[in-house]
Structures are given as structure tokens and as C-alpha cells.
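There are 4 protein chains.
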Amino acid sequence: MRTHVKLLKRVRLRSPVLIEGLPGLALVGRLSVSYLVEALGAEKFAELYSPHFPYYVIVDGDGHIRLPKGEFYYWRSDGRAPDLILMVGDSQAQTSEGQYEVATCVLEFAKKHGAKTVITVGGYRTEGGGHRVMCASTSKELLNMAVSAGATVSPLGSPIVGIAGLLLGLASFTGMDAICLLGETRGHIPDPGAAKNVLRVLTSMLGLEVDLSGLDKSIEEAREIEEALSGIELEEVLEWRPERGRGPEYIF
Amino acid sequence: MRTHVKLLKRVRLRSPVLIEGLPGLALVGRLSVSYLVEALGAEKFAELYSPHFPYYVIVDGDGHIRLPKGEFYYWRSDGRAPDLILMVGDSQAQTSEGQYEVATCVLEFAKKHGAKTVITVGGYRTEGGGHRVMCASTSKELLNMAVSAGATVSPLGSPIVGIAGLLLGLASFTGMDAICLLGETRGHIPDPGAAKNVLRVLTSMLGLEVDLSGLDKSIEEAREIEEALSGIELEEVLEWRPERGRGPEYIF
Amino acid sequence: MRTHVKLLKRVRLRSPVLIEGLPGLALVGRLSVSYLVEALGAEKFAELYSPHFPYYVIVDGDGHIRLPKGEFYYWRSDGRAPDLILMVGDSQAQTSEGQYEVATCVLEFAKKHGAKTVITVGGYRTEGGGHRVMCASTSKELLNMAVSAGATVSPLGSPIVGIAGLLLGLASFTGMDAICLLGETRGHIPDPGAAKNVLRVLTSMLGLEVDLSGLDKSIEEAREIEEALSGIELEEVLEWRPERGRGPEYIF
Amino acid sequence: MRTHVKLLKRVRLRSPVLIEGLPGLALVGRLSVSYLVEALGAEKFAELYSPHFPYYVIVDGDGHIRLPKGEFYYWRSDGRAPDLILMVGDSQAQTSEGQYEVATCVLEFAKKHGAKTVITVGGYRTEGGGHRVMCASTSKELLNMAVSAGATVSPLGSPIVGIAGLLLGLASFTGMDAICLLGETRGHIPDPGAAKNVLRVLTSMLGLEVDLSGLDKSIEEAREIEEALSGIELEEVLEWRPERGRGPEYIF
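Protein chains in written order, with our numbering: chain A, 40 to 291; chain B, 40 to 291; chain C, 40 to 291; chain D, 40 to 291.
Hints listed in this document are in silico derivations from the structure and should not be mistaken for laboratory results.
None of these values were measured; they are calculated from a predicted model.
It cannot be assumed that every hint is accurate.
It does not matter which identical chain is used: a pair holds within one copy or between any two.
In silico DSSO-like pairs for lysine-lysine, Cα to Cα no more than 27 Å straight-line [what the hints assert, rightly or not]:
(1) 48 - 83
(2) 151 - 179
(3) 45 - 150
(4) 108 - 48
(5) 83 - 108
(6) 179 - 108
(7) 45 - 179
(8) 108 - 150
(9) 155 - 45
(10) 48 - 179
(11) 179 - 155
(12) 108 - 155
(13) 256 - 179
(14) 155 - 256
(15) 151 - 83
Here chain A stands alone, though its shape is the one from the complex (with noise of 0.2 Å):
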């Protein structure tokens, strides 16, 4: 098998935007953009599958299986907001080489839908946390239009890792803009409340309305267990990283 999209309905969409949320720190991409699909009642149209996601499958409920894989999603605007492909998944690619591979046929998908730009989404760790939201893009545009919604521009030598990066790096050659929207996170727990504040942003920027408070639920919970675990030392940071192929990166 070869990294490949499995298409599962045909979709005509108008330019859409490509919104990437795949796991990584404190999961502030994948729940950012899961968000999005549940709010916007977004639909399921195409699959992807890789030989570089890490070799196990997950037990859905139910006692189902299936495969590690991404999910597009689409959702047509009325017009007044850009149609949306919103990607989410289950894990990242576990080399550069897997990496290089899967953002190259993500992109390859959303250009063949018509797609000019591309949005990826993660967690930006810093000590004590914060609300902000960095970004830093391929397009002085784009960025300027982050800046107006409320983000921040992301300071010198900051790489982003991961496919939200890669993305981003590797749409210039496709002619596609992309930008990325990290939210601030101490990044030892799920974040919620960084994803909201992305999401924030990120609505503003393509003119969506969606009503965020659905995720204030989680956030007060996450709070709750943030507190709870203030005595204790943590040397783990909940990041994305490749396991040479073991046990889930995150089970949530």
C-alpha cells in the first residue's frame, strides 16, 4: 500500500480553503478542527491512508477496527465564507520521508479540489501558557489578515515540526498560500482552551459563524486537571512525536 487518498464521494467545490488539524501538541490542531467539522455539520468525502502512519489499528467503539488514517471533510459557505475541506486524523507520519510524502498528497487532493489556500493548525508551548495565537505563513497577505483577527506574528527561529509545518513549507510549490495558527498551551494536557482561541481567529479570518462555546465544557475540565497536577513535576510535554511505530501517540 502506498500513501493514497480514498475518495468517497465526488465533491464540486468553489476555491476551498484547506484546514488541517492533525494530532500534535496539547492536540490543539485535531480538536480545533474536529470542532469545526461538528459545528459547521461538516461531511465526510475522502480518506487517506499511509504505510508511514505507526503500524497498529484502533478499536472504534463497538469493538470495530480500522486503520490510522486523515479525513477530509467538506462544508459549502452560502457564500459569504469560503467552502471548507477540513482535514483531521488519527496520527502523522513517522520519518521525514513519510512526512514529505503525506503532506505532498494532501496538498496534490486539495489543489484537484480547486484549493488556493491552506490553513494548518497546532499548539505553540510556552512556559506558563497564554491566550495568544501565533502565526507565520508563506503569504505577507495571509498574515496580515491573522494579524487583524488577533493573532500574533510568530518570532525568528521558531520551527513548526510536523505536517502543520511541512504543509505550509511545501505549498509554494504547489502555487497554493498557507498559513498556520499555533495557540499558546503549556502543552502537558489536551488544550481546549488554546483550540478555542485559534478557532477564534481563525473564524474571523474567513468570516465563519460558528457559536465556540461548546468548548467551554472541556475547558473548565481541563482547568480542573491542570490544577490538580500543579504539584506534581511533569517531564513530559504532550507533542507529536514518531514512536517507531508504537502505541497510540494519543488515545483521547
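Let chain A serve as the given structure and place chains B, C and D on it in line with the hints.
Positioned in the frame of chain A, the structure of chains B, C and D alone reads:
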């Protein structure tokens, strides 16, 4: 050398069920399927080789040397149970890509022989051990059959690592149904008791008549070792892991 | 995406010398060749991309994002020195195969532009530092030139790791001669002093007239940092290593 | 660059025996076969290069640089012993796939020159050392020859790691017979004593007349080092391991 199957004998089978038991957690899979091979008097008809297996050779008795490999045995039923293809072997592949490649090769081989159902066997780690056999499947029907035979549906979120999982995940691409049966085990040493529990479910599911009492002596021995070890804190669990090609995972 | 060179400008050069300075021990190579690029006013004419580079993107100033890459600059001599192709970049490849692939790609690019000589630049770790420039070569003649310019022949048995070494080893397959110049360094921090020592030899060998005093300020700063660190036991040496795709090796 | 053999001289041999001695445990293989090359005055006729070797270059005497490589020497018998192809080299491949690729390339080269027998040489670790030479083979006949020459049949279950093992495992696919001879060694330092023990068996098996006393001086030196080290607890065994491309495994 590419991953390939070397056919030793041409065999025609009627919709055989593929049962896989490569080394994994507490060797439950290998113990189970090896026992079946012997108890049924199944005959070897093919071998699988792969450059993704670890780069050593195995010394059999009498100073004879051979590559690590997978082995396929066939068993023809008298009609009350399905025909079987039984797969055992020395090792699993060392990387994500290797795991996908080997699993794909196994499924293609089984499909070419008319298989429509795949059963994988392994261990399921629980702190205190236990006697349950957990199951997860690509098919509701297979899952019901396993539950009727005494298995418990695997809970949400517990991934199945290695070929026992991947064969299931990839089976759906080939039009085959697949299920895994995982025997509860503490996982510290090879666990023939877990193997017996799995075989009870497996033989009942397939209508196989196999005397399982042949495992009792090694179950007793394992119990004694567990007792002797009970004072010692064990750090390591006996499970399969990629080790960058060094050493045998299991010398049994 | 495969490892490839993206040509930005068609350039005709007369038997140029390729000088490589990717990140490595104490950044000696990168500091040296970057200084040359600036001092000579060399112009960029090509970029090298590879899926073997680490899977992150770099945030330049102003929130602009780009893939890690190699950069080729050219400089046309007035005839007293050879024309130059200067290569700098962000990272080295992450695996043996990647290193061979990138090095081969660099040599093919240089050969296509008529290069017959390759010079690689890096650091040479010695406990107490020192001011020597060690050299090793595929060609007795180049070695003699370097020694005449003040370099010391590298002793037996000390391997040269990474692209600075591989370019030499692979050059012989392409009919090019190659030499490396390695500045002695303690290796704990970026070492502009070692870079200056290397550049003295290099410019003398090639008959380049370059004012090296521009490095003096950062040499002084590095000396101060070394002094401040002198009481602390440093476990880590600043050298290039594959890190399975994570993080920037050098943010400088 | 792909794994390939570079032929330096066309040579016609009569059913030569391939003897391999790349670096491995206590350097027994390399010491043995290098000694044979010198003692017999064998002539180099080919070199093997591979991107799976570690990514550094080696500095020979006089500042000359070269890639890690395998070397093939030939020796023409006067008829009392078989012709020989002797293989030595700098390193082994770094991954499972690389090991399979290099071993396959070696066997194809040997087959093309008419070889029907392969002998690999290495070390066999035992706690207290010892003077035995363990053997394991794909052929009962070769095994008997080794035993007659003083070797001991290797016990069950002790895997043979690296090219010394893989050449045997893969030989059966090419119609060649193969045997390995492993000299007992404590494994902490290069062990010329174990090499001498292996060479005694090897020369006896093949009817080679080689004076082995040339090893006595380095055996005495090794004994002195072992004594000096006898008070120190040694954690590391000198064996070959993949090190992700860094550093020389053995500078000898």
C-alpha cells in the same frame, strides 16, 4: 530480495480461513497457532521472506542455519469446519513500511488461495492477567460469532499493534473480513494459558475439534515460573518490539 | 518530492570551485561559507530541497515560513582566482541513504556547471581547541596546496562525518578532486574563530582577496561566552546529528 | 548511488570459495580474513560501495580520504586448495534492508565468479572466552568438514547477527552452500587469538598452507591489554552495531 512468498507445494483449498500467529505479546499468537498446526497435523506449503525482518539468521538444531521467515500451513477440513491456512513465523517486520508490506503480502497470498476470512491471534495485557479473550473485528457478524463463542468485545481506544492489527486494517481493502482474538495475559513470560483460552474461542467459532489438553503441562510450568517471579518486580513485558534488527525477540 | 535542485537563474561559470558549508560541528562550515557569500557579494542561483531534511519548517523574520534547504551562490572572479559556487543551508540529511542522495545531487549540480574541484569546510574537535586547520583530500596536489597555505594533514583514522566527508568520498566517482578543511574547535558553541582560521587557508589556496576582520566582533563575543561557560561542565558538543526529524539542529 | 561492486580487474577463477570477514564482534572476522589476504598475497580486484554504509569517510594515511567500502581479493591456488575470493571491509550496513541489499550484492558477485561455497567468519561471545570455533551451516557436508577440522557445532537458538549470518541465509536462494566459523571471544577488545583459532579450522578445511605465527605478537599484546583491564568492569562489548550512521565502529 523483496518481501515474497515462496510456494513449496501447489494446494487447492475451499474458502480457507487464514489464521495468523506471529510472535507478539507473551507469544500468545505463536503458541496458539503453532499448537493448532501440530494438533491438526497441518502441512507446510509456503514460506514468506522479507528484508524487513531483523538481519540475523537462526540456528536450528544440528547447526543448521536459516533466515527468519513466516510459514504457511494448510489443513483440509472434512466439511464440518472450514479449510485453514495457518501462519506462524519467527519475527515481525522492523518498520512501519515493512509491517505494511509484509501484511499486504500475507493478504495477497491468502486471497489467491480463496480466503475470505482472516483471524489473527495475540495477547492482551492486563495488570493482573485474567482469562478473557478480547475480540475486535472489521465485521459485525464475525464479532457476534466470537462473542457467542465466549469472547469479550474489546473496549474503545486500545490499539492493536503489529501484524495482528494491520492484517485486520488492511483486510477491508481486499474484500476480506477479519477478526482478532487476544488472550488476556500479564505478559511477563510466554503464556500458554492465554493461548488455551484463545484456542477455546477459536475452535468453537470454527467448529474445529481439537484437544487442548496438550497445553496443560506448559501451563503448569508457566504458573510455576510466574510464582517464582512473583516477588521480583518485573520491568519488562515480553512483547514484540522493533529492535533495529538486533537479536532474536523470542528464543523459545 | 524527491531530492532536487531548483534553478533560480541560468549561470555560466568557468571551471568553478564548489565550496560547501552546511551546519556541522560548532557551525564552522556554515559560518565560513556564509561569510564568504556576504564578503564576496555572491548571488544565489539555486536551491536544494530534500525529503531527507528534518520535517519542520523555518520561520524567518516577519513570520515568513520556508522549508529547510540548501542554497547555491555563484561568484565570478576577475581571473586572479577561480569562479566559485558557494553552498550553505539549514540542515543535513537524516539517514545514511539521505546523506548519500543529497551529496550525489550536489555533485551532479556542480559538475553540470563545470566544477572540477570541491572544497568542504567544517570543524575538527580537539579537547583544548587550537588554531590549526586540518586537511584531507582525494588528491595529493590539493593537499599540498592546502599545506602550503598553512593547513595540517589530518592524522590517520579520524573519520569525517556527514556531507563534508561524503562529498569528498563521492567526488572521485565523478572525476572531481576534493579536499576538506576542518578548523580546530572545542565544539561547544558556534566558533567564528575556527571559521576565520579555515578562511585564511581557503582564501590563500584560491588566491581570493577577502577581508576577514569582519569576523572579529563575533570571535570576541564567542570568547566571552566560552569564558562564562568555563566553570560549567559541558556535556554536549554542538555538532550535527540526526535527530529523527525533530527540532532545529542549529538556530543561529 | 546504489549498492554496487566496482570491478578493478577482470579475473577468471575455478569454483572459488568466498570468505567474508567484515567488522563484527571483537573484529574476529576482519582480523582473520585480513591476515589471510596478506599471508597469501591475495590481490584486490573489486570494491563494494553502498549508501547503507555509515555516512562518513575514512582518512587513510597521508591525509587521503575514501568512502567506507568492501574489498574483494582473489587468490589462485596451485590446485591443492580451492581458489579464493576474500572479502574484507570497513563497515556493515545500517538497517535491515541495507544488510539484505549488501549481502545479496556480495552473493551475486561471488556467483558471477563461479563461487559455490561461502564461508563467513566472526566472533562468538562467551563470558570467559575460550578457544572453541563454533560452526553452523546450510549444508550438512560443510558442517562435517568443519567438525573434522576441529570446530564445534553451534547450539540451538543462538542467532548469528549481521552479514556473517545473512550471507548464509541468503546463499540457499542462489544455490550456494555456506558455513560460518565463529571464534569464541570475551568480546571486549579486538581478539587476534580468536582469529587464529578460526584460521586453524579454516585452513585445515580448505587444505590451505598458511603460517599463522604472524598473529602471535598481536595475541600477546591483546593478552596484556586484557590483563590490564581485568580489574575494570567493562560495560561495552566490542561488537558491530548500527549507530545511525555516526562514527567509525572500529578504528583499528
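Now for the hints, and whether the structure bears them out:
Taking the closest pair of Cα atoms, residue 48 and residue 83 come within 27 Å of each other only inside a single copy of the chain (8 Å); across copies the shortest separation is 44 Å, beyond that limit. In this homomeric assembly, residue 151 and residue 179 come within 27 Å of each other (Cα to Cα) only inside a single copy, at 24 Å, whereas the closest approach across copies is 35 Å. For the homomeric pair residue 45 and residue 150, the shortest alpha-carbon distances inside one copy (15 Å) and between copies (21 Å) are both at most 27 Å. Proximity of residue 108 and residue 48 under a CA criterion of 27 Å is satisfied intra-copy only: 17 Å inside one chain copy versus 38 Å between copies.
For a Cα distance limit of 27 Å, the shortest separation of residue 83 from residue 108 inside one copy, 13 Å, qualifies, whereas the shortest one across copies, 35 Å, does not. Taking CA atoms no more than 27 Å apart as the test, residue 179 paired with residue 108 passes between copies only; the shortest distance there is 21 Å, against 33 Å inside one copy. Taking identical chains as interchangeable, the C-alpha atoms of residue 45 and residue 179 lie at most 27 Å apart only when they sit on different chains, with a minimum of 23 Å there against 34 Å within one chain. In this homomeric assembly, residue 108 and residue 150 come within 27 Å of each other (Cα to Cα) both inside a single copy, at 20 Å, and across copies, at 24 Å.
For the identical chains of this complex, residue 155 and residue 45 are neighbours both inside a copy (21 Å) and across copies (22 Å), given an alpha-carbon limit of 27 Å. For the homomeric pair residue 48 and residue 179, the shortest alpha-carbon distance between copies (24 Å) is at most 27 Å, but the shortest distance inside one copy (35 Å) is not. Proximity of residue 179 to residue 155 under the C-alpha cut-off of 27 Å is restricted to the intra-copy arrangement: shortest distance 15 Å within a copy versus 41 Å between copies. In this homomeric assembly, residue 108 and residue 155 come within 27 Å of each other (Cα to Cα) both inside a single copy, at 24 Å, and across copies, at 24 Å.
Taking the closest pair of Cα atoms, residue 256 and residue 179 never come within 27 Å of each other, the shortest separation being 36 Å inside a single copy and 34 Å across copies. In this assembly of identical chains, residue 155 and residue 256 lie within 27 Å of each other by CA distance neither inside one copy nor across copies; the values are 35 Å within and 46 Å between. In this assembly of identical chains, residue 151 and residue 83 lie within 27 Å of each other by CA distance solely inside one copy; the values are 16 Å within and 33 Å between copies.
Hint check: violations occur at hints 13 and 14; the rest are consistent with the structure.
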